[in-house]
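Taken in order, these protein sequences are the chains called P and Z. Under my numbering, the letters of the first sequence match residues 1001 to 1315, in that order. Under my numbering, the letters of the second sequence match residues 1001 to 1315, in that order.
These aren't lab readings, by the way, just hints derived from the structure by calculation. Among the hints, a few may not be true.
If chains are identical, the list can't say which one is meant, so a pair holds when it fits in one copy or spans any two.
[Stated by the list, open to error] Calculated lysine to aspartate or glutamate pairs in the EDC-like style (CA-CA distance at most 16 Å, straight line): (1) K1134 x E1056; (2) K1121 x E1308; (3) K1008 x E1237; (4) K1280 x E1167; (5) K1188 x E1271; (6) K1188 x D1052; (7) K1264 x E1294; (8) K1188 x E1162; (9) K1114 x E1271; (10) K1044 x D1082; (11) K1215 x D1119; (12) K1114 x E1227.
Listed below, chain by chain, are the residues.
2 protein chains.
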Amino acid sequence: MELELIGKFLEEHDCYTILTHKSPDGDTLGAGFGLCAYLREMGKKANVRNSDGFPERYHFLYEGYEPQEFEEKCVIAVDIADTALLGRELVRYAEPGAIDLCIDHHISNQHYAKESYVDGKASAACLILYRLFKQMARPISRIVAVCLYTGIATDTGCFKYENTTAEAHIAASELIGRDIGFAVINRKMFDIKSRGRIQAEKFAIENMEFVCGDKCSILVMTTAMMESCGIEPAEFEGMASIPLSVEGVEIGITVKQRHEDVYKLSVRTTEQLDASAFCKQFGGGGHIRAAGCELHGTLEEVRAQILEAVGRLGL
Amino acid sequence: MELELIGKFLEEHDCYTILTHKSPDGDTLGAGFGLCAYLREMGKKANVRNSDGFPERYHFLYEGYEPQEFEEKCVIAVDIADTALLGRELVRYAEPGAIDLCIDHHISNQHYAKESYVDGKASAACLILYRLFKQMARPISRIVAVCLYTGIATDTGCFKYENTTAEAHIAASELIGRDIGFAVINRKMFDIKSRGRIQAEKFAIENMEFVCGDKCSILVMTTAMMESCGIEPAEFEGMASIPLSVEGVEIGITVKQRHEDVYKLSVRTTEQLDASAFCKQFGGGGHIRAAGCELHGTLEEVRAQILEAVGRLGL
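One chain only, chain P, in its complex shape (with noise of 0.2 Å):
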């Protein structure tokens, strides 16, 4: 579907419930939101779902947001990929023909929906959105815009990753002028950590190796350790990104236990290496810069497999 028919399609529908992928984060919130407040705005009735509720963390997104009581009429899917995401709460939405509209900018997209806008070149969907509102006549709000940079912001890293456009930029910069207090946003979304947080890297500076002339950093996390050391498993997520920060080090692979001699590897690499061909030895795949792949075995074994691998990249 075409930007300038989005537009009409919003116009002419009404009640309408707005989806969010499961595990939210500032993208497909920043996303849920802005739109119901811009739908809201127009005077329609709009609200909000996601399976696993709204973490607090993004409270400022919906902050004052009250669901509506309506008969639901108009369905829409905001950066949601592939129905798989909807969670167990939002499953009915999976069947063919319950979602009227999907906005979203993952290559990968499925088009699941009726309508589909997708840009897999667009920085995230709230970006998507901002280009959406630009083009309507109504102007976008202080909440709105709120919203929309949360998205942006999240999504690109606060503008570090490659995958930020001269459109990101441009629409940031508009974003900014609406009093939205974006310096207190990215600070709660990049530089605050909690206590437990802390401690998981505290634990990842402690037991991160390093082989091959320095070049490759291995972080291993067991059940057994991450138990011991009494930290909340949540706070050993997304840690993948520590191996690879480190001076010098060209390919960053961390292992975490899943079950008894199942370990989940994720790989990080820079510009010199491929990631996703390291990972498709074992059948894994992904990105060039960022893949995974899971090993079988003893931790023994599975740490022999990963230095055979790394021996053979030549570093």
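Please build the complex by placing chain Z on the supplied structure of chain P, with the hints as guidance.
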């Protein structure tokens, strides 16, 4: 001096020495090498100088740069608020009349040069150069774009801090289109840490204390503590933001021993508290969110003074 006149000034003069501030950062070096490259592209002779040399970390800004032989006829200072920041090697330029033009974004600029262009609201000195080059005829080359982007990104914490302006985003939107490899620059500037630095951060995590219902975090670094862990002293620089990065903390204080019975405090606060007022009572000062002061006495006496002052905040 008006911006239009600076363009004229650059056209009319030749044989430039460009001065950058001691302990150089991305903005002073980006401005120095960016201006130098631009002048050389204009057919002028120009060199960049720094009292402390050019750090390896910023090598990509001066790749291919070679000093030229010429008799210096015009001196320009970039990102230097005060001649005290010239450093020992460039002290001769501190003489009145030695510097022809100063381009800076520090509100505290001392107006020591014959002509000055100071904009305290500009996110970076490099943003002023961007503005200048945009109104001059010559296009911005790739290497100039690399330099300007680096200065803007580093001085704004990659567009994260309050000093990020709409203009900074607009400049970035244009500069990233010049094939500058901005994501690689950002990784180098923001994500990569030396192994010594990582150990210093681990030291910080281990030594942070929490008081006042965990709303105040204090990190003490004595000379003995820093020496005993075998980490280079330089790795302990710039750790003042760590105590405030902990969730729930409203005032973060680092206490670093300078000499026997002399301690330097760096204070960082969230929106609720005034760091400058806190430091003023000890004869220090600074900005509302970041300030410093010096305390005298034994560590125990200094600790007691800090705890009393924190107690008075009524957290």
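Status of each hint after checking the structure:
1. K1134 x E1056: neither (30 Å within a copy, 44 Å between copies)
2. K1121 x E1308: neither (36 Å within a copy, 55 Å between copies)
3. K1008 x E1237: neither (41 Å within a copy, 56 Å between copies)
4. K1280 x E1167: neither (34 Å within a copy, 44 Å between copies)
5. K1188 x E1271: between (30 Å within a copy, 12 Å between copies)
6. K1188 x D1052: neither (21 Å within a copy, 36 Å between copies)
7. K1264 x E1294: Cα proximity of K1264 and E1294: one copy only (5 Å, versus 49 Å across).
8. K1188 x E1162: Cα proximity of K1188 and E1162: across copies only (13 Å, versus 22 Å in one copy).
9. K1114 x E1271: Neither, since 39 Å and 46 Å both go past 16 Å.
10. K1044 x D1082: Close neither inside one copy (27 Å) nor across copies (57 Å); limit 16 Å.
11. K1215 x D1119: Classified as neither: same-chain Cα gap 36 Å, cross-chain 44 Å, threshold 16 Å.
12. K1114 x E1227: Neither way: K1114 and E1227 sit 46 Å apart in one copy and 66 Å across, limit 16 Å.
The structure does not agree with the numbered hints 1, 2, 3, 4, 6, 9, 10, 11 and 12 stated previously, though it agrees with the rest.
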